[in-house]
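S.K.: Counting from 1, one number per residue, gives the positions in the sequence shown under full-length UniProt numbering.
These aren't lab readings, by the way, just hints derived from the structure by calculation. Heads up, some of the hints might be wrong.
[Unchecked claim] Calculated lysine-lysine pairs in the PhoX-like style (CA-CA distance at most 20 Å, straight line):
no., residue 1, residue 2
1, 79, 178
2, 91, 122
3, 132, 79
4, 122, 79
5, 132, 91
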Amino acid sequence: MVGDLHLFGGGPASDQEKDLINSKITSAAAAALCSIALVGGLAACGSDDKSSDTTTSATTSAEAAGGSGGASAVSVGGKEWTGEFATTCAKQGDTLALALADNANETYGTLGISATVSGEDKVTAVLIGGTKGGSGGLPYALGFGQGLAGGSATVSKDGDTYTVTGEGVGADLTDPSKTTPFDITFACESIAGG
1 MVGDLHLFGG GPASDQEKDL INSKITSAAA AALCSIALVG GLAACGSDDK SSDTTTSATT
61 SAEAAGGSGG ASAVSVGGKE WTGEFATTCA KQGDTLALAL ADNANETYGT LGISATVSGE
121 DKVTAVLIGG TKGGSGGLPY ALGFGQGLAG GSATVSKDGD TYTVTGEGVG ADLTDPSKTT
181 PFDITFACES IAGG
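Turn these sequences into a full structure, and let the hints steer you where they fit.
M.R.: Structure, rendered in structure tokens:
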């Protein structure tokens, strides 16, 4: 995964440093995939009653993100992202899985954004990933995982709207320890299992 990487000493990264970075990237990706799988699994366990549908489509623009409390929105690195975000929210036990998806995002291709919250206020994982738009022509990836080096995340709640803010790592593969701030609003129409 990691090629000619130069770390803080200025010289090439050792094999041990490359292995550490690769394991962190793999762990973050695994946590993100588990979060996405949890959302899908919990949504599948929800009611087939269309009146309790767990997906809300919201067209989000810079104006809507700044002025509307009822729309899902994404800001990364201080820039508002636009997209047609389908919002899915599901709960099992004390774990809440939140997800936004835009399958045809102009900038990031197939874009998936997820957060997992334990209890009332402990964010355990956040992933922002796109099939394009990353550094050097690579897919875009930014994430936070509890227990992994770098990043942080908090959550606030207003009714069924959750705002996850913090910093993630991985967006700049030339400096994988560099953090990038994010602010994600998940406007849940309803919560499956909740």
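S.K.: All hints are to be evaluated individually against the structure, with a verdict given for each.
M.R.: Status of the hints after comparison with the structure:
| no. | hint | verdict |
| --- | --- | --- |
| 1 | 79 / 178 | 17 Å, holds |
| 2 | 91 / 122 | 14 Å, holds |
| 3 | 132 / 79 | 17 Å, holds |
| 4 | 122 / 79 | 25 Å, violated |
| 5 | 132 / 91 | 30 Å, violated |
When each numbered hint is compared with the structure, violations occur for hints 4, 5.
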